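Trainee: Keeping their order, the protein sequence lines are chains A and B.
The working numbering applies: residue 249 is where the first sequence begins, and numbers increase by one.
The working numbering applies: residue 111 is where the second sequence begins, and numbers increase by one.
None of these hints come from the bench; they were simulated from the model.
Quick caveat, the model's predicted, so the values are computed rather than measured.
Think of the CB as a built atom: it goes at the ideal place given N, C-alpha and C, for glycine as much as any other residue.
Some hints could be false.
A few chain A positions that, by computed beta-carbon distances, are all more than 10 Å from chain B [stated by the list, open to error]:
no.	residue
1	Asp-310
2	Arg-334
3	Leu-457
4	Glu-463
DMTMM-like cross-link-like pairs, simulated, lysine to aspartate or glutamate; straight-line CA separation at most 20 Å [as the list claims (entries may be wrong)]:
no.	chain 1	residue 1	chain 2	residue 2
5	A	Lys-411	B	Glu-224
6	B	Lys-181	A	Asp-329
7	B	Lys-181	A	Asp-432
8	A	Lys-411	B	Glu-217
9	A	Lys-398	A	Glu-337
10	B	Lys-162	B	Asp-149
11	B	Lys-162	A	Asp-413
12	B	Lys-181	A	Glu-337
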Amino acid sequence: MSEELDRRQFLKGSAMLAGLAIAPGMLLYDLAHGRSLNEPASSAVRWGMLIDTSQCESGCDDCVKACNKENGLPGGTRPTDEQWMRKVELKDMRTGKATSLPMMCQHCEEPPCVDVCPTGASFRRADGIVLVDRHLCIGCRYCMMACPYKARSFVHEPLHDQKPDVPRGKGTVESCTLCVQRIDRGENNTACAEACSKAGHKAILFGNLNDPDSEISRRIRTVASTQIRADLGLNPGLHYEGL
Amino acid sequence: MKRIQAALLALVLLASGAAFADVTVPHLDIGKGGHCVNDPKFMKLNHGDLLKHQRTITVHQGVRGRYSLEKCVNCHASRVNNSVLGTDRNFCQGCHAYAAVKIDCFECHSSRPETVSETLTEIAK
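Chain B with its partners taken away, still in its complex shape (with noise of 0.2 Å):
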């Protein structure tokens, strides 16, 4: 008896890591999406670096420009849970869970877009 469980255990393992072995890229949930500011391969790579530099220029100068953290929230929050954060599917969460990179944007900046927040609060109400 404990022999077939050991097998059945190694089989259900062996499944698991072949489904493992087919994730190589996070499955991102990337709401309402489309082609905005640049093109997406482009965005992968550079979204960090546009960014930190629009904060500053933002912040310093009044420049409300082309690189915005709360429009890149506006159309990536996730439809489900209306937020870029929550799941390991949501468009900022997952790919830096996936990369293991850190992401403190949100600990300031909100991970939903007002409009429809502002109308759950509403509703909450």
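If we strip away everything but chain A, and leave its shape as in the complex, we get (with noise of 0.2 Å):
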């Protein structure tokens, strides 16, 4: 009896081990093929960008267009209009070299717009990205004036027709979300990235940083690169190729 109930027990342990075998695995496949719908963001993934400066075109605005049609921004460049993206052109005046590459949220590690924010509206996903929960947003703007690359805009004016996956609102600050709304149905590719590819300059790569065998992680294994304000050692999900 005892011995049946024995082997009953191991029967029952090696199938709770096979179990275990085989969730593993499916966790692999899960993240390689992103998440469901039901899942959380894991911090098992960290999104991040590489920019590769030297094949940005000076002049060219693919990734900011298609970043304002992907979010419905109006487009505009006053100095009250919302920008989650903007191109910036650099000279060096001593050696006259010329670069230009695009500017947005870093997404840091160690965000300074989520320490300062009184509501805890400002924070940081567990896969990365730095979002504003526009609920509790009171539009102080206190991360616009802490973050180091004003990366943040405010919405000044009462807004109609807002695209339905990226709501957004009068008196609430707003950035870059690495296109959140992609993100989550699982197409793992910003709109500004795909753009740029279309264009034929393929200067911007988005992918997993976390995952030591994405073409991300290859690369800033393998060429120099290097965070914008680096100094400040916040570790910006974004690197910049050719600075």
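Two independent chains are provided; combine them into the complex using the hints.
Mentor: Here is the structure:
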């Protein structure tokens, strides 16, 4: 009898072991193919970008246009217009070397905007995306002042006809979301990166920094890249190549 | 003559009063409608709490789950004006006007389903 029980327990145990063995395999599979809509974002993933400034063409703003279209932004350039992404042209006055690059929220690991937010509206999601919860935002704009990258905008005017998956409204602060609506759908590419590839520049590479086998991780390992204002120790998720 | 006018006015007022007395609940245009996440009685009482709970886990954790304002709008937008707002017959506005409860969801969220509004903008172009 006791032998019978032992055997049973042994069988049970081995079945559980087999279950465990399958579970990590399935987990890996899930990470590789995006999570389901009912699963929370996981810190096993850290979304980031590698921007190759040598491929970024001066005068081209396809990424900015794609961002505006994807997120329903008006695309104005007055100081009070919302802008999640902008093109910056730099010139070294000594050597004359010109550089062109897109600038947006750098999705820091230690975001100053989150530190200063009095209501908890500014937050960093488990997968590294820095967002504003507009339900909590009171429009104080501390985060805009704290951000060293000038990445955030304030909505000054009442809005109409927002996109259903990109809610935006007057009196709140907003910035690049790394196209969070696409990521949650499992598309795993941003509108700007897609537009840049389409224009043939391929200057923006989007991917998972925590996956050692992702293209972005492999490139960051092999080519020299830098984070903007790395001296601040914020560890941005955006890396720039050729600066 | 004035008496007749006054009598007529009283009649009209009485008639309209009787008409209003019939209105006990708002007559809503529920759009496509149908049973979705819960039965209508439950949703009538609890949709606010469900949406509030869902909004937190959606924004902070990225869970695009069972209860979604976007999905409500997709099925309940009126087929007349393609929106849940606009008139006192529209799905959200109708009830909220009746209950005198202000909704501010649609200051940020879209009150129209995407697919149709995109088609409309395409046509407008």
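Trainee: Are the hints correct? Go through all of them and say.
Mentor: Here is how each hint holds up against the structure:
1. Asp-310: holds (20 Å)
2. Arg-334: holds (23 Å)
3. Leu-457: Non-interface label on A:Leu-457 holds, nearest chain B Cβ at 17 Å vs cutoff 10 Å.
4. Glu-463: Check passes; 23 Å lies beyond 10 Å.
5. A:Lys-411 to B:Glu-224: holds (7 Å)
6. B:Lys-181 to A:Asp-329: violated (30 Å)
7. B:Lys-181 to A:Asp-432: Roughly 15 Å between the alpha carbons, so the hint for B:Lys-181 and A:Asp-432 holds.
8. A:Lys-411 to B:Glu-217: holds (12 Å)
9. A:Lys-398 to A:Glu-337: OK: A:Lys-398 and A:Glu-337 at ~15 Å, within 20 Å.
10. B:Lys-162 to B:Asp-149: holds (19 Å)
11. B:Lys-162 to A:Asp-413: holds (17 Å)
12. B:Lys-181 to A:Glu-337: Measuring from Cα to Cα gives roughly 42 Å; hence the hint is violated.
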